[in-house]
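Novice: Model the full structure from these sequences, guided by the hints.
So the sequence shown is numbered by our numbering: it starts at 1 and just counts up by one.
No wet-lab data here; the hints were simulated from the structure.
Keep in mind the model is a prediction, meaning the values are calculated, not measured.
One or more of the hints may lead you astray.
[Unchecked claim] Computed cross-link-like contacts, DSS-like style, restricted to lysine-lysine with a CA-CA straight-line distance of at most 25 Å: (1) K120 <-> K84; (2) K805 <-> K767; (3) K769 <-> K789; (4) K47 <-> K105; (5) K105 <-> K84; (6) K284 <-> K270; (7) K783 <-> K805; (8) K789 <-> K820; (9) K47 <-> K84; (10) K805 <-> K820; (11) K783 <-> K745.
[Claimed, not checked] Simulated restraints on C-beta separations: (12) G540 <-> S418: 56 to 66 Å; (13) E191 <-> A57: 33 to 43 Å; (14) P752 <-> G203: 11 to 21 Å; (15) V278 <-> R218: 23 to 33 Å.
In this text, a Cβ means the ideal position worked out from N, Cα and C, and glycines have one as well.
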Amino acid sequence: MKNFTKKGIKNCFNLILLAFGTLYSFAQCPNIVWADEFSGTSLDQTKWNYQIGDGCAEGICGWGNNELQSYQEGNVTVSNGTLKIKAQKERIKGSQYTSGRINSKAKGDFTYGRFEASIKLPAGDGLWPAFWMLSTNEPYGGWPQSGEIDIMEFVASDQNTILGYMHYGDPYPNNQSQGNTYSLTNGTFPEAFHEFAIEWEPGEIRWFMDGILYSTKRTEDVSPFNWPFDQDFHFLLNVAVGGNLGGAVNDSMLPATMEVDYVRVYDGFKSYISGNTVVLNQSKGETYAIGNLANNVSVSWSVPVGATIVSGQGSNTISVDFGNTSGTVSASFDDGCQTQALNLFVEVEPPFNRALSFENFDETPTASLALTTGTLTEVANPAANTINNSALSGKYDRNGGEQYDLVVYDVTNITDASQYVNKDKKFALDVYTTAPIGTDIILQLETADATSSNYPTGRHSRYIATIAENNNWQRLFFTLLNRPDGTAADTDVQTMVLLFNPNSLTSDTYYYDNFDSYDAGTGTVSNVAPTVSITSPTDGSSFDEGTSITVTADAADSDGSISQVEFFVNGSSIGVDFSQPYSMAYVVPSGTSSLTAVATDNESLGTTSQTIGITGQTLGDPTSVHVNSIVTGTLSAGKGANYGTATVHIVDDLGNNISSATVTGTFSGSFNEQATGTTDTNGIVVLQTQASAKGGVTVNLCVDNVSYALLPYDPTSNTVSCSSVAAKMVSKNKKAVDELNSELKFSIYPNPVNDVLNFRLDDFATKIKIYVYNSLGKTVLTKEFNDNKGEVNVAFLTRGIYFVKAEDELAQIKIMKIVKH
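Specialist: Written out as structure tokens, the structure reads:
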């Protein structure tokens with residue numbers, strides 16, 4: 001194999017640039033421009049350099065990561081077609097272990113292309129092998145300013161997961177890194193050879209495992225830091241022992257060897273198949289595509305049994321609806337270089353059903369909040385939808401000063417954490433955020449052995465979920481990321497740690513809810529319809545026409561959640577409610593109306609309630625009202641004769657006098673007196689008394705010491721009686737009569753409002769109740785005052801439009817719109 005020098009490789013890439021510009025992804029028939037197939041009996045030192053020692057000679061003892069090994073030339077061998085790097089328990093000076101490390105600096109330096117190696121990784125707790133690249137000339141400064149590309153890193157204590165990362169940013173401790181992981185669904189990495197690769201072009205790097213794309217990073221991902229990946233880089237291959245990432249070493253598993261079948265560099269890119277390798281049961285609309293393929297190439301696709309290609313057959317992108325069977329998504333095509341058949345195994349998970357909630361803010365949590373480094377506040381649901389229609393949620397403001405911001409819960413109901421590792425159980429979390437799509441959330445299970453400074457000790461397992469949309473609730477299911485401490489017992493987990501966008505200094509806000517555990521089922525679970533019933537009003541209820549009532553329904557779903565309840569009157573919708581208690585306001589018309597409610601669950605199955613009949617009574621226009629037993633008299637302390645005068649007036653609801661009756665005499669007993677007159681069409685009658693007596697006489701109208709009473713009118717008997725306990729008191733002030741039909745004189749300020757909303761009531765009433773509704777009509781705040789002025793704290797509300805309703809003791813109301821900043 002010809003050894004291409006850096007200059008020769010640069011010339012090759014210049015030719016590609018002339019031919020294809022920057023469209024590397026469509027460079028036809030990629031050619032190998034540098035390779036080592038390890039077909040000899042010793043390391044080819046025209047391509048590789050040994051690196052020896054413990055890093056102290058380079059000024060980074062422990063190689064900058066507290067590693068335990070001393071690299072030795074004798075630990076690197078070539079035989080039987082593979083490179084072998086062996087780690088073993090062997091003392092060299094101050095080091096207790098030896099291993100091997102080689103690099104291609106000044107012998108294989110590259111900018112852009114495809115870089116790949118076929119490697120069989122070693123098993124052994126505490127080992128940390130890697131295939132990676134460093135800047136050759138460090139034009140932007142020392143590490144990490146000039147960049148590091150980790151094509152593959154492997155923490156051997158977690159045998160089915162590899163990492164693909166990049167490092168950049170300012171000098172330590174302000175260095176930055178980001179990347180992704182890939183986990184095998186079957187088997188482990190030490191069991192066989194696997195191909196690890198990156199494709200690198202201007203402004204973008206893509207990571208692959210066995211031809212499967214699992215990570216892409218672009219220039220904008222590192223902003224505002226410099227993208228240093230536009231200069232020469234060289235290869236490194238090594239097996240570290242212990243260190244910050246390797247963890248505790250199990251000496252009984254040594255010696256252990258990493259084998260490398262080949263390392264190759266291409267001047268172009270290969271076609272690949274992309275898409276989710278693990279999907280939910282009955283998942284819909286999963287996308288699979290062929291990358292690095294021209295659009296005019298015909299592709300023949302096949303999918304597993306039970307899955308359906310919804311669209312795209314023949315093109316390079318398809319949409320697939322899955323059933324409940326795992327299998328291979330395959331694509332066959334001729335790209336002009338060769339006929340290819342690409343395969344991607346897709347695991348269809350069993351159906352998962354909600355088992356318990358650790359924290360959902362509407363119920364008593366089963367986990368105990370122990371610590372947050374940001375700010376967690378319980379607030380109203382910012383935007384209820386079919387995913388999350390709970391009344392309350394948690395608002396978490398990430399602390400931008402914490403690189404690893406934490407929300408910590410103590411937990412007692414994870415009795416066997418292996419069930420989450422083995423996918424017998426799953427963690428789920430509802431999230432609403434403006435954080436960028438692609439932002440990761442990590443869930444970490446810990447034992448009592450974990451401290452803030454001893455990672456990875458005590459970290460049983462870590463799980464990852466990724467933000468997929470903004471400004472909308474999404475239900476995220478966590479997948480296993482790795483097992484940092486393989487010795488952490490499954491039965492010893494005591495703590496759950498949520499890390500929002502770890503390894504960043506961001507200060508985004510995350511609303512979260514329904515932090516739940518799901519159990520795996522078997523087969524396909526049939527959806528059970530929800531139940532729904534109208535609880536108020538009851539069947540046969542009667543109201544005066546024009547009465548405003550609240551229709552309320554109970555709804556439940558035995559195998560999921562309720563998305564919404566819609567209310568209907570005589571078959572026409574009067575509105576939708578998304579959260580408990582399910583209710584809707586309704587003004588009763590005259591005549592008979594039929595009420596029903598329809599509940600819809602999270603799988604769009606609906607159920608209709610029983611029908612409730614109500615009647616709206618038409619109010620008459622009576623010509624006379626009979627008032628019986630309206631006045632009683634008692635003698636107060638005083639001098640002189642016990643006599644006086646009491647006058648009873650009947651007035652309508654505007655204060656207009658209808659009729660009067662006068663009683664004159666001695667107030668030593670009860671009086672039965674009647675006044676006859678005409679009231680208004682609303683059927684509202686007001687009784688007024690005036691009293692005058694020597695010696696001080698107290699005249700009572702139905703209730704002691706009250707001069708005005710608003711009494712219920714019975715249209716059947718055409719009678720208003722003081723004996724009715726339903727009489728509603730108004731005021732001792734004549735103003736009550738004059739203003740019964742006037743709008744409540746209520747004002748609020750400032751508007752728009754930030755934190756505190758002030759109100760003033762310019763009226764005779766002294767008791768006021770304040771309601772605040774969101775734009776969906778749900779009550780988010782209720783407060784009662786015994787004063788005609790005050791303030792309401794609205795700082796916890798999110799930005800948007802709200803409605804404020806004020807109601808006094810006469811049931812007079814005023815509704816005003818406010819804007820919350």
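Novice: Where does the structure disagree with the numbered hints, that is, which hint numbers, in rising order?
Specialist: Hints 6, 14 contradicted; others consistent.
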